[in-house]
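Heads up: the sequence lines are chains A and B, in that order.
According to our numbering, the residues represented by the first sequence are 1 to 95, in order.
According to our numbering, the residues represented by the second sequence are 1001 to 1485, in order.
Calculated from the structure, these hints are not laboratory results.
Just so you know, even glycine gets a beta-carbon here, dropped at the ideal spot from N, CA and C.
Check each hint, because a few of them may be wrong.
Derived Cβ-Cβ restraints for the label pairs, each shown as a range [as the list claims (entries may be wrong)]:
| # | chain 1 | residue 1 | chain 2 | residue 2 | range |
| --- | --- | --- | --- | --- | --- |
| 1 | B | ARG1320 | A | ASN84 | 18 to 26 Å |
| 2 | B | TYR1367 | A | LYS23 | 35 to 43 Å |
| 3 | B | TYR1367 | A | LYS9 | 37 to 45 Å |
| 4 | B | SER1050 | A | GLU25 | 44 to 52 Å |
| 5 | A | SER54 | B | TRP1109 | 28 to 36 Å |
| 6 | A | ILE76 | B | LYS1262 | 50 to 58 Å |
A few chain B residues that face chain A, going by a derived Cβ cut-off under 7 Å, partial list only [stated by the list, open to error]:
| # | residue |
| --- | --- |
| 7 | TYR1283 |
| 8 | GLN1375 |
| 9 | LYS1410 |
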Amino acid sequence: MSIDLKTIKHISKLSRISVDEKKAEKLAGDLNSIFDFIEKLNELKTDNVGPLTSVAETTLKLRPDEVKSKNIREQIIKNSPQDNEDYFVVPKVIE
Amino acid sequence: MSDITKQSLTELVENIKNKKLSSTDVTKAFIERAEQSKELNTYITEDFTSALDKAKKFDQKPNLDLKLPGIPMAVKDLFCTKDVKTTAGSKILNNFVPTYESTVTENIWKEGAILLGKLNCDEFAMGSSNETSFFGNVQNPIDKDLVPGGSSGGSASAVAGQLTPITIGTDTGGSIRQPASFTGTVGLKPTYGSCSRYGIVAFASSLDQAGPMAQNVKDCALLQEVISTYDSKDSTSIDFKRNQYSKELTNNIKGKKIGIPKEYRVDGMPKEIEDLWQKGIQYIKDCGAQTIDISLPHTSYALPTYYIVAPAEASSNLARYDGVKYGFRAEGENLIDMYEKTRSEGFGAEVQRRIMIGTYVLSSGYYDAYYLKAQKVRKLIKNDFDEAYKKVDAILTPSTPSSAFKIGEKTNDPVSMYLNDIFTVPVNLAGLPGISIPAGHDSKGYPLGLQIIGKAFDEQNILNIAFALEEKINFKNKITDWWIK
């Protein structure tokens, strides 16, 4: 299997990480060597094996649906790079 | 009292309880040593002024019934600490000051301990040498230009270098046990669900666990007793009967059956590691326990499985870093451009690599071939352990396939870096507890560790085995203080 530059560009778009040509080439090399290593899993037949989705065989606990955090607006926006007291501010999305 | 920083946690607790030492004495001593140890680069954020204030306050009205009375402690910078910057070793969180406290650290402060500061780690805990940190690599106190392991490299280095009496790390694929092994210290990765993940910067949620890193097994047991609690704020926290690990600690392991898995004898493993393992087997027998050869047939598939599961979960967890709600933001021409530049400039190379792997294995057309396949193999790996535990009480293996390596030695080859975790990763995939204890030195004088893997929720048993082995091994860490001018 081989991951080409076109695939790298596609994954970078999905990942929302911009990559230039140089970085894309380096990533293609790295990812190819990692996927060569991962291919080992194809040695195993797993048709009759169920996927493991959780190591802990417990069911989720139920709890009353109550509001526990009140009036924490200030705390929530405290670390935002840009805000106007009530909202997070982002670059304009609608023309 | 001289040499305060050389004392174990247990000794410090006793000396504070007997009023031979005050919290201020102890806190001052560790701060002084940290000031002389900048070259190790263990700290990302120091909180020394506040620590001294808290120590003085503690001494005015000491509550000596607590388990960690006035004990200063630095923690891995992956735990959110209220009003103290928490970076996860990343540029993208370089300005993040949590407004809440992680449950694990909250448990520690409730027992009287005092925060010294936040310790360096690989970026988002992704690394095995602490070289992916935005804040630079950490020096191993064992030797100059030697990696301390990772991702809890700053934590391991701080304990080995006596900059903190004890600490906590996190372990997703070996990030507590491998650095413990590289620095001659003790590190426990508890059962999945034993310690709350609330307030820990997430890497791979089905694998992440917090755990203690200590100078000896008894200290490790004491901290585990403090940090392991059921927590409704973590939906995967498990409500089981927890032991009083330090009080119940015993070196009597007579009649225990310890499995020796043949698949851990990997190609190219240095003879020193094999010899160390054999020595461990002999000590187990000397303690009156029995060793049994076992097979964990899917061991060699654990790392490839891990490098699908962990990046997949990471790509999802790290989607939250978008430059909007918190953390670093780069300017962009529009919203999407801002996202892409923020993540490209804010994340380091290894983190970007793993997000890309994760995005790829979860993407349309590849999900079944990679992610689902890995989930199935993960089941086979867990089944191996379930089978083995029908015959044995615990499993003994080396902690790592080699001793610590030089800074820069493996940074250009991600796969060779990943191989460091070959013995530790299966334990995370199966959700089991594992402990690494120092067991000897290689020809260069660098420490080597042995790992004891337990059944789920059986921390007491592996702590007991570790305690018994520790006594037989009588390991002495060779710390020369080379970095102190």
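Checked against the structure, which of the hints given earlier come out wrong? As far as the earlier hints go, 2, 3, 7 and 9 are violated by this structure, in ascending order.
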